[in-house]
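Protein chains: 4
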Amino acid sequence: MTAKLKTAVLGATGYSGLELTRILLRHPRLEKPFLLRRSADNGSATDLADVFPALSGNGGYPLHSLSWPSLKQQGVELLFLATPHEASRSLVPQALSQGLRVIDLSGAWRLKQEQHRAIYNFQDADAATAAELTERAVYGLPELNGDRLANATLVANPGCYATSVILALAPLLKAGVVDRSRGIVSDSKSGVSGAGKEPTAKTHFVSVADNLSAYSVFNHRHVGEIVEQLQLGADELIFTPHLLPIPRGILSTIYLHLNREMTPLEVESCFTNFYSGKRWVRIFHTPKLPQVQFSLQTNYCDLGFCLAEDGRRLVLISCIDNLLKGAAGQAVQNMNLMYGWQEDEGLQ
Amino acid sequence: MTAKLKTAVLGATGYSGLELTRILLRHPRLEKPFLLRRSADNGSATDLADVFPALSGNGGYPLHSLSWPSLKQQGVELLFLATPHEASRSLVPQALSQGLRVIDLSGAWRLKQEQHRAIYNFQDADAATAAELTERAVYGLPELNGDRLANATLVANPGCYATSVILALAPLLKAGVVDRSRGIVSDSKSGVSGAGKEPTAKTHFVSVADNLSAYSVFNHRHVGEIVEQLQLGADELIFTPHLLPIPRGILSTIYLHLNREMTPLEVESCFTNFYSGKRWVRIFHTPKLPQVQFSLQTNYCDLGFCLAEDGRRLVLISCIDNLLKGAAGQAVQNMNLMYGWQEDEGLQ
Amino acid sequence: MTAKLKTAVLGATGYSGLELTRILLRHPRLEKPFLLRRSADNGSATDLADVFPALSGNGGYPLHSLSWPSLKQQGVELLFLATPHEASRSLVPQALSQGLRVIDLSGAWRLKQEQHRAIYNFQDADAATAAELTERAVYGLPELNGDRLANATLVANPGCYATSVILALAPLLKAGVVDRSRGIVSDSKSGVSGAGKEPTAKTHFVSVADNLSAYSVFNHRHVGEIVEQLQLGADELIFTPHLLPIPRGILSTIYLHLNREMTPLEVESCFTNFYSGKRWVRIFHTPKLPQVQFSLQTNYCDLGFCLAEDGRRLVLISCIDNLLKGAAGQAVQNMNLMYGWQEDEGLQ
Amino acid sequence: MTAKLKTAVLGATGYSGLELTRILLRHPRLEKPFLLRRSADNGSATDLADVFPALSGNGGYPLHSLSWPSLKQQGVELLFLATPHEASRSLVPQALSQGLRVIDLSGAWRLKQEQHRAIYNFQDADAATAAELTERAVYGLPELNGDRLANATLVANPGCYATSVILALAPLLKAGVVDRSRGIVSDSKSGVSGAGKEPTAKTHFVSVADNLSAYSVFNHRHVGEIVEQLQLGADELIFTPHLLPIPRGILSTIYLHLNREMTPLEVESCFTNFYSGKRWVRIFHTPKLPQVQFSLQTNYCDLGFCLAEDGRRLVLISCIDNLLKGAAGQAVQNMNLMYGWQEDEGLQ
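Protein sequence lines correspond, in order, to chains A, B, C and D.
Oh and the first sequence: position 334 is 334 in the working numbering, straight run, nothing missing.
Oh and the second sequence: position 72 is 72 in the working numbering, straight run, nothing missing.
Oh and the third sequence: position 301 is 301 in the working numbering, straight run, nothing missing.
Oh and the fourth sequence: position 53 is 53 in the working numbering, straight run, nothing missing.
There could be a bad hint or two in this list.
Pairs count within a copy or across copies, as identical chains cannot be separated in the list.
Keeping only pairs whose Cα atoms sit at most 30 Å apart, straight-line, the calculated DSS-like set for lysine-lysine is [claimed, not checked]:
{"no.": "1", "residue 1": "K72", "residue 2": "K174"}
{"no.": "2", "residue 1": "K32", "residue 2": "K112"}
{"no.": "3", "residue 1": "K72", "residue 2": "K4"}
{"no.": "4", "residue 1": "K32", "residue 2": "K288"}
{"no.": "5", "residue 1": "K278", "residue 2": "K288"}
{"no.": "6", "residue 1": "K112", "residue 2": "K278"}
{"no.": "7", "residue 1": "K278", "residue 2": "K32"}
{"no.": "8", "residue 1": "K202", "residue 2": "K288"}
{"no.": "9", "residue 1": "K174", "residue 2": "K197"}
{"no.": "10", "residue 1": "K197", "residue 2": "K288"}
{"no.": "11", "residue 1": "K174", "residue 2": "K6"}
{"no.": "12", "residue 1": "K197", "residue 2": "K32"}
{"no.": "13", "residue 1": "K4", "residue 2": "K202"}
{"no.": "14", "residue 1": "K278", "residue 2": "K72"}
{"no.": "15", "residue 1": "K32", "residue 2": "K174"}
Source of the hints: derived by calculation from the structure; they are not laboratory data.
Let the hints inform the model, and build the full structure from the sequences given.
Dropping the structure here:
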């Protein structure tokens, strides 16, 4: 019987951090995670249950300040960063130099190409190290890059929107059946937790309820991830995010043209073959389509489609829980593969 | 001083019927409308305030049974039908033969072309009359067909989704700047009142809340209206409706390619020129975009856009209140033009 | 024909201020209101439509900085304050000294008794003037104090919760049928706009949606207003506010014991007699009960009740739109009475 | 190592039935539950995943028709009834005569006293058996009746509202500190799943969203349970349920007078002593109060309170997830105690 792994979470006080902490707490391979306060956190919270009273009553979840010696003393081997990208950008080099493995839930290390990274405007203290780590980082979408996780020291956990779009498109693009010259559209809609816990005019209940709005048209940060991972030209994809009046969940409606006439069965086979043996992708049998509710509180990505009678025009529906398959759940899935465990341990 | 017009509403007990009744009640050119019970209505309601307690307290809104002699006796000249399309299909010939003018809010008389009408599967008792009325009916989108309303005896009030899509696309198509060969996508989202008042599994609160779902992909009834009015080929448009967890409001996100490079200013001019003098269309100055909330409780169609840096790929946002500009408000706007009144009387 | 009244609104950029502005704009007795920016407002907004895009398209709503000479030059006679209570407390003495009449929507001048005012902790520059104005201010609940409005120079517009509770209880207390020794409970629930437009952790969509919470138990600011107006002892009322996952609307469920056995008809008569001729109170005929939706977007206070079989235990339901009868609508109702107009002008 | 228990669920297609099935599927002491279709169910569903697509992808959940021989053949020992009370009333005698133990989630067997049962208007085929079973049934609130579960053959699982109210009041009533002569008020609010899955005008999204309504004032079915379990006189409690615009969750705000002055610490001790060692009740430390969100997706009953300065007037807040502690979770908690297992097995 092997010893249990010791993990730490920096940023447990955010929405993704909370979900992550909850999963880690019940994961059979782990000791109780060591919880770290973000420097920006309200200093008064000394226990995660003070921030999230839903955690009350099961004993304490003490919050600690980050200190590398203290992590070493605790025997922490794996560090989860649920921090803003600026923080992750500066913390990761330090963490790796301490010998820790890192799963970073922010956008800090997802992008290989400079032109996509520009939107983040990173200010790296040590550019050479940043370049080296950018190269080394594994984009942690296990269904695509699962074989690279076993040896990964730095995993860049994908963006929530990006997860929903990449998983929907990858099988068709790999099969070479997409007419890329006609362009792909992803009309994506997300619940409000995707915007983070910071109170703003945009996340005020009265601004969101009874409403729907598009935002960041043509310039959302996740576009870079999508086109890099799918090896698309930047002008081959239009991605439009929308803010839904729901707490969590993403539905992406994706439009594309096939470069040859296909049958629904062929399209479905394309998906089922690609995701054969993949535990966390569900293919819906046409005409059934995923809905946001179906994957809530799970680590599933649900995929469905509708093919026009001409056999050429295809609508894909992709749903995830943005805090699970779009963040914390996927992070744990990545951890499982980094340590050679079953892909669904702790996630069932 | 001219006498006030006498109107009747059949189907005041539905969502659109209620909104219509409310507007008619405060319209300065009208006598109090004569309210007619649908045959399918619960027989026990004798007053509209029994069905909608929000109407309590301002005196009565008696509901009558439909009888042509009684309408004549009341001096009714204009009949609004807020009825299912089957009912409208059989009632309109009778109403016209009584000398009434009719504004029908259903889909019964919107479609000229047989192939688009097929989805309704109408069972006409008198095919010749039906054909004649189909020809005579004016599709009541005042911004496009306003000049044909003065003499109209039968106005087919547009569908809610169709209104949002047609008004967004008409200026660009008329200007000839759309690359139709690359296809147009309308990803549309509607509040639940668009599904009607009938309780079903799909309109149950628990099914809708915290959810989003696509439905009727490639086969929604409103597609026919849109392609007919815009003179598009059926395969030039993909229209995907979604059910939003809000009571009312529609947002359509529309994707198209321009056939030449344009500037944002040119695109905006295309809209502002087309809608110059049109009271109920608002053009948002880029980068501002309409949101569902902005046009709620109004008769506005709000239009905005975002043009890619390449000057070719265009995203349009179109918002309406499905019960007003998408139904009752537009019906009143049509009435105003049928009788030569200001387009916004009773709608401010 | 008389000249139209010139009004100004300070704080049009808040929720109540917006509703107030909308009503004033369509009020037949008024010129277009002069809109004043609050000093705390984002300096960049020069037009109210920039803050509330729902106002787009009908021409401008310029926002001005407050300046007494400028108000005089504009001919403003009546000033509405939709400002925080601290601001109202310091602005009202200045405004009155300029000869303006004032309707203040904040809590600054509602309370006569020092022990109730303590919760606000006012810091008055001139205590004598403050005391004099406190005495002079009319608590602007027109159904109770309507006869004092014609000569009022300072009207303290009631709190939203207070309006819903006072209107429900006043008829029974005046009739002397309440067993006050057994205590009265008001369990009140409000939509989120009641908490104001400031983004906070409590008004974040994710904190409010799918939730309900009680707050300020035993120490909400509106308790003072209620007990003062109803001449209750502080320990005769328990008032518990709750935050509802809806944008607007209040429902108060009120529990009391009658001091003698009554019939439902007697209870109803108590209400209908008290509110005879009152335009903005609707009494629901038992067993019908008001719901939040029924009075939304109206100036009504809806009242209903349920009497136990013992004829002693009574449950009252009171609903208002917190932004209308609970704020802006009532302010306009007060204005109408201050100037001798019909109580419902501009409010229908 | 003992063999796993074989259970069956009748009514898995309802909201409570689905939650129950989900828990049973992951319960370590159980074989996969045998799922039974209700006779009223749509005959077309042969798998629970057809009814709830959220269950897709983990293999089948076949739905069977009820047949006693088939249950015996399957080795079923424990039957859960998630059926309407009429169905439970007629099925329980049969099930017990087959030697099954039964946990009934309906109201069929909760009430001992004829006057409380009258509201259900049961039509028993065999009155003597019904009387005997009524006597034998254990009201399955484990925190109160846990010691009677080990030998129970028929457990009447409590109502959701009743659970929230009884657990809040029991400690204080047992301690004898409630001034019952002044009456107790429970103002309770529930999410829509409490109204069941049947689509009705009341559960239509448009009727519920942006709304709040009280219903069944003075005559809700759960009142009988509450007063029986707490040994209150019927006129000592006023219970008012409200329909919240949320899918699930209950918050009860309860008002009472203490018969002697107490300190907050004494009140808290009363709760912590009573629930010492009880796994599924959490006491909130004043001034913290439970909110609906905190207990969602858990089997907790969260209790908090606020004591007036006079030490006499007390407000209690009690929150549960109506589908878990208010139904399916509590049913599993009961099962755990019936079989001598840990109270939280399968529920963590």
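Hint check:
1. K72 / K174: Close neither inside one copy (43 Å) nor across copies (52 Å); limit 30 Å.
2. K32 / K112: Classified as neither: same-chain Cα gap 34 Å, cross-chain 47 Å, threshold 30 Å.
3. K72 / K4: The answer is within: 16 Å in one copy meets 30 Å, while 43 Å across copies does not.
4. K32 / K288: between (40 Å within a copy, 26 Å between copies)
5. K278 / K288: within (20 Å within a copy, 42 Å between copies)
6. K112 / K278: Answer is within; shortest intra-copy Cα gap is 26 Å, inter-copy 49 Å.
7. K278 / K32: both (28 Å within a copy, 23 Å between copies)
8. K202 / K288: Close across copies (14 Å), not inside one copy (34 Å); limit 30 Å.
9. K174 / K197: Close neither inside one copy (37 Å) nor across copies (42 Å); limit 30 Å.
10. K197 / K288: So K197 and K288 pass the 30 Å test across copies only (21 Å; inside, 34 Å).
11. K174 / K6: Close neither inside one copy (38 Å) nor across copies (46 Å); limit 30 Å.
12. K197 / K32: within (24 Å within a copy, 39 Å between copies)
13. K4 / K202: For K4 and K202, neither the intra-copy (42 Å) nor the inter-copy (38 Å) Cα distance is at most 30 Å.
14. K278 / K72: For K278 and K72, the Cα distance exceeds 30 Å both inside one copy (35 Å) and across copies (38 Å).
15. K32 / K174: neither (40 Å within a copy, 39 Å between copies)
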